[in-house]
Amino acid sequence: MPPSDPSEDGLRVMSADKAAISRALNLVEDRRPGSQARVAALLAALKDAPKAAGGHRVGLTGPPGVGKSTLTAALARCVRRRGRTVGVVAVDPSSIRSGGSLLGDRARMSFDPTDAGLFVRSLATAGEVGGLTYAANSAVRVLASAYDMVVVETTGVGQSEVDVVDVADTVVLVIQPGSGDVLQFLKAGIMEIPDILVVNKADQEELARRAVADLRGAIQTALAVGAGAEQDSDWQTPIVATSATQGTGMDALVDALEQHRAHIQGTLVARRRQGEVSWVLDLFSRKHGEHGVSTLGGKAELQALAERELDGGETPLALCEHLSRDYVAALGTT
Amino acid sequence: MAEYGKPERDRPWIMRTYSGHSTATASNELYRTNLAKGQTGLSVAFDLPTQTGYDPDSALARGEVGKVGVPVSHIGDMRALFDGLPLDQMNTSMTINATAVWLLSLYIATAEDQGVDHHVLRGTTQNDIIKEYLSRGTHIFPPAASMRLITDLITYTVDEVPKWNPINICSYHLQEAGATPTQELAYALATAIGVLDAVKATGRVPDEEFGKVVARMSFFVNAGIRFVEELCKMRAFVELWDRVTRERYGVTDAKQRRFRYGIQVNSLGLTEQQPENNMIRIVLEMLAVTLSKDARARAIQLPAWNEALGLPRPWDQQWSLRAQQILAYETDLLEYDDLFNGSAVVEAKTQQLVDSAWAEVQEVLKRGGAVQGVETGYIKQKLVESNAARLRAIEAGEQVVVGVNKYVEGAPSPLTENLDEAILTVDPEVDARQRAALARWKESRDDAAVDAALAEIERVARTDENLMSASIAAAHAGVTTGEWANTLRQVWGEYRAPTGVAGASVKASRSGAAAEKIAGLRKRLDALESQMGRRAKLLVGKPGLDGHSNGAEQIAIKARDVGFDVVYEGIRVSPEQIVASALEEGVHLIGLSILSGSHLALVPEVVQRLRDAGLGDIPVVAGGIIPEADAERLRAEGVAAVYTPKDFELDNIMSDLIDLVDRQHAAE
Numbered sequence: 000m001p002p003s004d005p006s007e008d009g010l011r012v013m014s015a016d017k018a019a020i021s022r023a024l025n026l027v028e029d030r031r032p033g034s035q036a037r038v039a040a041l042l043a044a045l046k047d048a049p050k051a052a053g054g055h056r057v058g059l060t061g062p063p064g065v066g067k068s069t070l071t072a073a074l075a076r077c078v079r080r081r082g083r084t085v086g087v088v089a090v091d092p093s094s095i096r097s098g099g100s101l102l103g104d105r106a107r108m109s110f111d112p113t114d115a116g117l118f119v120r121s122l123a124t125a126g127e128v129g130g131l132t133y134a135a136n137s138a139v140r141v142l143a144s145a146y147d148m149v150v151v152e153t154t155g156v157g158q159s160e161v162d163v164v165d166v167a168d169t170v171v172l173v174i175q176p177g178s179g180d181v182l183q184f185l186k187a188g189i190m191e192i193p194d195i196l197v198v199n200k201a202d203q204e205e206l207a208r209r210a211v212a213d214l215r216g217a218i219q220t221a222l223a224v225g226a227g228a229e230q231d232s233d234w235q236t237p238i239v240a241t242s243a244t245q246g247t248g249m250d251a252l253v254d255a256l257e258q259h260r261a262h263i264q265g266t267l268v269a270r271r272r273q274g275e276v277s278w279v280l281d282l283f284s285r286k287h288g289e290h291g292v293s294t295l296g297g298k299a300e301l302q303a304l305a306e307r308e309l310d311g312g313e314t315p316l317a318l319c320e321h322l323s324r325d326y327v328a329a330l331g332t333t
Numbered sequence: 000m001a002e003y004g005k006p007e008r009d010r011p012w013i014m015r016t017y018s019g020h021s022t023a024t025a026s027n028e029l030y031r032t033n034l035a036k037g038q039t040g041l042s043v044a045f046d047l048p049t050q051t052g053y054d055p056d057s058a059l060a061r062g063e064v065g066k067v068g069v070p071v072s073h074i075g076d077m078r079a080l081f082d083g084l085p086l087d088q089m090n091t092s093m094t095i096n097a098t099a100v101w102l103l104s105l106y107i108a109t110a111e112d113q114g115v116d117h118h119v120l121r122g123t124t125q126n127d128i129i130k131e132y133l134s135r136g137t138h139i140f141p142p143a144a145s146m147r148l149i150t151d152l153i154t155y156t157v158d159e160v161p162k163w164n165p166i167n168i169c170s171y172h173l174q175e176a177g178a179t180p181t182q183e184l185a186y187a188l189a190t191a192i193g194v195l196d197a198v199k200a201t202g203r204v205p206d207e208e209f210g211k212v213v214a215r216m217s218f219f220v221n222a223g224i225r226f227v228e229e230l231c232k233m234r235a236f237v238e239l240w241d242r243v244t245r246e247r248y249g250v251t252d253a254k255q256r257r258f259r260y261g262i263q264v265n266s267l268g269l270t271e272q273q274p275e276n277n278m279i280r281i282v283l284e285m286l287a288v289t290l291s292k293d294a295r296a297r298a299i300q301l302p303a304w305n306e307a308l309g310l311p312r313p314w315d316q317q318w319s320l321r322a323q324q325i326l327a328y329e330t331d332l333l334e335y336d337d338l339f340n341g342s343a344v345v346e347a348k349t350q351q352l353v354d355s356a357w358a359e360v361q362e363v364l365k366r367g368g369a370v371q372g373v374e375t376g377y378i379k380q381k382l383v384e385s386n387a388a389r390l391r392a393i394e395a396g397e398q399v400v401v402g403v404n405k406y407v408e409g410a411p412s413p414l415t416e417n418l419d420e421a422i423l424t425v426d427p428e429v430d431a432r433q434r435a436a437l438a439r440w441k442e443s444r445d446d447a448a449v450d451a452a453l454a455e456i457e458r459v460a461r462t463d464e465n466l467m468s469a470s471i472a473a474a475h476a477g478v479t480t481g482e483w484a485n486t487l488r489q490v491w492g493e494y495r496a497p498t499g500v501a502g503a504s505v506k507a508s509r510s511g512a513a514a515e516k517i518a519g520l521r522k523r524l525d526a527l528e529s530q531m532g533r534r535a536k537l538l539v540g541k542p543g544l545d546g547h548s549n550g551a552e553q554i555a556i557k558a559r560d561v562g563f564d565v566v567y568e569g570i571r572v573s574p575e576q577i578v579a580s581a582l583e584e585g586v587h588l589i590g591l592s593i594l595s596g597s598h599l600a601l602v603p604e605v606v607q608r609l610r611d612a613g614l615g616d617i618p619v620v621a622g623g624i625i626p627e628a629d630a631e632r633l634r635a636e637g638v639a640a641v642y643t644p645k646d647f648e649l650d651n652i653m654s655d656l657i658d659l660v661d662r663q664h665a666a667e
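The listed protein sequences correspond, in order, to chains A and B.
Numbered per numbering that gives the first Met the number 0, the first sequence finishes at 333, counting up by one with no gaps.
Numbered per numbering that gives the first Met the number 0, the second sequence finishes at 667, counting up by one with no gaps.
Just so you know, the hints here were simulated from the structure itself, not pulled from any lab data.
Yeah, the Cβ is synthetic: ideal placement off N, Cα and C, and Gly gets one too.
Don't take every hint at face value.
What the hints assert, rightly or not - The calculated label-pair distances, taken between Cβ atoms and stated as ranges, are:
hint	chain 1	residue 1	chain 2	residue 2	range
1	B	Val119	A	Thr113	44 to 52 Å
2	A	Thr247	B	Glu631	45 to 53 Å
3	B	Ala200	A	Gln219	47 to 55 Å
4	B	Gly492	A	Gln219	33 to 41 Å
5	B	Asp445	A	Trp234	35 to 43 Å
As the list claims (entries may be wrong) - Straight-line Cα separation of at most 30 Å, DSBU-like style, residue types lysine-lysine; simulated pairs:
hint	chain 1	residue 1	chain 2	residue 2
6	A	Lys286	B	Lys522
7	B	Lys365	A	Lys186
8	B	Lys162	B	Lys36
9	B	Lys522	B	Lys645
10	A	Lys286	A	Lys298
11	B	Lys292	B	Lys36
As the list claims (entries may be wrong) - To list a few chain A residues with every Cβ distance to chain B over 10 Å, as calculated:
hint	residue
12	Ser97
13	Gly98
14	Val119
15	Asp202
16	Gly216
17	Ile263
18	Gly288
Looking at chain B on its own, in the form it has when it is part of the complex:
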């Protein structure tokens, strides 16, 4: 018992907000403000060019610089990002994967410049490239090279930065991609097993010290709205991780077997309709990962209520932080031991998840493990199927979403009275300013030192030496993110992952209103085929660097199921590629999906290039998180229709698409 008759409280989790935008200087200011508001850790959001290894002057970075995070091209940017923030006192989480080795190198080099010994640094690099192939899409290299980067970082930090979490195995993005709780557990654990096996295979860690590696493995988990099941999922994670670490890796020290995880609660279920309801969803989801003392999150970051509308403003993020603070400091939650020990209901549900997840882990291992599961498309296809089932249930009203498919009538919300001001907009000039700043940076550095550092990176990449030291040296020499990644692209090549859509089968209802609707759409496409001589062909494209492919995948599958021939190109295609595909494939219609907020740069560019190629009569539709004012501009520039998260009824979208092809055919 603590003094003054107050019960002893458990230490609260680390509170963070995933943030960063525009420039390193602007983001630094944001971090200082967040810390002043009581945030206890930093969570750096990098922009897509930084995540995928491009500098702002790359053609592929067009429209993406500073959009979903902060651009960090070199040590100068990293210094500016942490200006006045002593790194020996920070606990910094970095959502960075394919370029994690590089960003950690910049962080370490910045610490060294601040006079901080890198051994004391604390924080996390996400560094889970496996799930990038399945969900987030910021991978660069083939799986074998990615696994090498993952293990280089882990085997470096285990001794050199011992308090660092070198990897955050992400089940978070698996749930965003549609995973059921069983799949989330199973694929995250299979990934962890793949990583630990790979670390073991490097031979860099002596057997007797392997427990140190296991102890630094951490997880990044999602919590959805079915919060009792999610609570049990977290307890199942604890139990399964204990089993894996004990039985597979023979770790005897219970402390080293502890399941350590951070959390970001579900963004997937946040709605555009009645967005104020999202705050209630966020709080309930937070309960799932905090109520069990035995399976409590060690770090929490919450989304903002208006994420389905656009980028949140500082005030929106503050509201979410306050929710954490009230739960941790006002309520009595942290005064009690585990609330559910001995609960028959919770234990039964937990056990059920443990058993089903363990069976699926065995299935993945039987198929050769997580990396094989990525390469063959097995895991991706499972996720795509689950997500299709989820969306169908919402569309059919079987799964209630308040304000979306039930209780949709409501008074207008004062929070969104002025919709365009209810989100943050990034200055469109950021792109050009960053390009100019990069040019100045390149002018100012010692070219010979840069060349030597890159030559060393290339040499090491061709051997099995650890890339970390060469990367830290390159960071000090002023090498840029794009230069580092391009050097490795030369050595390892790039990789396009299976999309999982071609083989995905979706169970459709055979009778009822939904089945009739589908039958009607199929009839219309059959009739159109007779008129046009060939089947209506749809190109689904994802321009830009954004890898969130769920929307594009679900549209592609639905379109096939109503009878379109669908060409799906996967993620990260340039406007030039989309136009080339439209030409070569002879499509009747193009659908573009963009979730990074760079729609105003990319969609008009595709439309213009189509016109230049003589394909201006092909209708183009766009989908994404697109504020209404932007949608208006896109329509004015010739886009036939704009869809946002509120358009959850895919059948209606399909009907529109058929109308568009029909009208275009009639006009010819």
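Just chain A, same shape as in the assembly:
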């Protein structure tokens, strides 16, 4: 296939042309060195998409088995009912041994295949450390230029949740009644307090009530030990009980999402910029390690540089490319 014009492709993506979106997503997954510049050009073309500025990027994370896929499907249907369009990026782990993966999310989702306002792409972590890949972050940006809401769904608590923060405006942590580990992590301040907490599988009312109460307690404890000090102090994390299989609690979840989106309206640009800065740093340090970071002047220096460059209109991927070149050049001179 001949390389196509990125701005032409960008326009098609922005008009929610599914074939163009699918091609763009194939491109952001492409790991050949020769494709990097095309990816950067595509994302640059999509940077100022009207949808992207006004849209909502939601990160949905939580331990395995809490019903995230079914919840994502129910959430997407609920948002569609309210007349907004949705893109979903579902991330699953790759097998370390074979490199392959089983992307099972579609099996739990029943969608109308003729719905032009809904797009679901499954991605494998492809061996990268951490939950969200290079590709997933870019995929969210592609979908955000075409749909009103983008949901990125990823399994795990810990690194993947940190990665979600880089790309999401709102982080939703999903647990089920009896998720004791999560409670402990929250209490100890090991885990960031999410923007919204969901207790899924809340079919049994008594269990669900207790789980919600436990979570409230855990957040109090976390705040008392000083966790969340850097976080938004005006926002009180709502706890929503849902049953994705029965479809209950979905309106409450969408309401909470809308409230959070409205709450961050004033700081959205800064938040997203912050996410881009840490994405650049993540990408760069994964590629070149500690040595790369120290060669270019250390973390604080890089961070300041990234902020300047991004403010100047650079895109994260292109910036990362530049930094790599700088590093390689610096290696040559020593």
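Given chain A, work out where chain B should sit, using these hints.
Showing chain B alone in chain A's frame:
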């Protein structure tokens, strides 16, 4: 001792043949013929639309009407199905689950039309929706709603149709899905416990009458080729059921604690290669469930020798019936007491199965019971893993299958000389005729009565009243299967069950020829990734209503293990959905699995829709029970490859798939 010096014989089991196809009238004729041949009970096979609650005019029923069973859309069809067969004299087993309440209602309404009091009806509704989530895939509603339907039927029949078996807890399909004997025992018993606990929780049955419910519980079991172990499995079932009913439910009457079961012997092990050998397998498997008088099946239906090739013809089914008759009437088996009482070998093996199964029952209960085990995917994942291990053993030659991985040389079989005539084909016009007949039915009925009946169904569904009476009234009013199910879908929603594949881990050999083969395939996919920029991505789809997902699951797992990114969509996806997924997921290859025989309708439709969507260059392969003549047609319509049960070497299939992606990439 009986008269004339002949020893007294035990009463033989009920002999049935699982049958039904095309139309109610055609199936009625088949039932009459079967009874004339000495069959002593009927076993109704319903088509997939009837099993999953769709009428023939639904888009989802396309290609499936009358294929794997008879379509029954309304009381008119049920009347035609039993025309001339007085229901007070029949013993009818119905393989029906999600729509069991509805089909029993049609049966009762038909009996009432025949002037038969429903209290005298005898037979069985399978009504085990739990195993549908794990294996057969004809469930409709979420687990809680399914459990409610199960208990509505049971609590209705316990007094109203007291000789009816309201549920057949199926370990049969668990074995087909890969269960080991221990797993088969454990998950069937866990299901039975889940059902009885749920019946108890309805509060409809007084404690002192609970034994009546326990006494009507029956099981539907599988028997595989390891027939000594299977024989012991049946003895273990008897012992464990006695324990559960006595200890958990306090049933004191030994008669009410009897383990009652029917059997269909293993279809999973029937081979496409040298299919005549299957008759020997079938007979040996039948021995496992008949030799022990203390654990003997009460009803037996046997598969036909050519089931791996396609739908069996009446003659094929007759051959299986004759095998039962020879064992029951020619041999002296039924003249003796239990043959194995006191056998140290049999007792030790039985005890071992009792202990291991009981431990697994406790594990499931600890995790919240059978329904929880379904919802979390725990049980399904266990089954998928066992099945993968079984297939690997066959592929590696560790488990001998004669004619497949050993002794494959043989003279051509005269039985399959004309392969296309060695199976039954369903008239492709059945679909259209049934749609027309349904339209006439809808014209002829009283719309106001239908609306009122459906409104009542909806009202009752929102309460905790029993749905049976409203359903029987709806049957008399002329309501259709699709209308009944759709009304309940509105109230309860639908459910897609965990596939169990994502978390399934398969132990692979680390050295030897098999390991080398896998390593070679992985290397090729790594190389392809470098060339293409991203990993080869495979979409595994199951179009149509067929829920037999074993093949699709095993392909998905194997493909992941050699290094594909695999998108598996689960069962019951429409051709439109498959094309939408292919587009959104950016896949390099599509694999379709169909076991219901509707491949000629569904596969070309997917191929055509891909072309229409501009995705015509994505290679499509198909797998299933696909006769060679059909395979040729599919290839002519653009399908890249067709796989059937004889292609048991998954590594070779994987190699083909990599070739296809490679060639397609080279062409671009």
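Results for each hint:
1. B:Val119 x A:Thr113: 44 to 52 Å: 50 Å, holds
2. A:Thr247 x B:Glu631: 45 to 53 Å: 51 Å, holds
3. B:Ala200 x A:Gln219: 47 to 55 Å: Check failed, 37 Å falls outside 47 to 55 Å.
4. B:Gly492 x A:Gln219: 33 to 41 Å: 36 Å, holds
5. B:Asp445 x A:Trp234: 35 to 43 Å: 60 Å, violated
6. A:Lys286 x B:Lys522: Measuring from Cα to Cα gives roughly 24 Å; hence the hint holds.
7. B:Lys365 x A:Lys186: Since the Cα atoms of Lys365 of chain B and Lys186 of chain A sit roughly 28 Å apart, the hinted pair holds (cutoff 30 Å).
8. B:Lys162 x B:Lys36: 25 Å, holds
9. B:Lys522 x B:Lys645: 27 Å, holds
10. A:Lys286 x A:Lys298: 15 Å, holds
11. B:Lys292 x B:Lys36: 26 Å, holds
12. Ser97: Non-interface label fails for Ser97 of chain A: nearest chain B Cβ at 4 Å, not farther than 10 Å.
13. Gly98: The assertion about Gly98 of chain A is violated, with a minimum of 5 Å to chain B.
14. Val119: At about 6 Å from chain B, Val119 of chain A fails to clear the 10 Å cut-off, so the statement is violated.
15. Asp202: 7 Å, violated
16. Gly216: 24 Å, holds
17. Ile263: 29 Å, holds
18. Gly288: Answer for Gly288 of chain A: holds, closest chain B Cβ roughly 23 Å.
Violated hints, in rising order: 3, 5, 12, 13, 14 and 15; the structure is consistent with all others.
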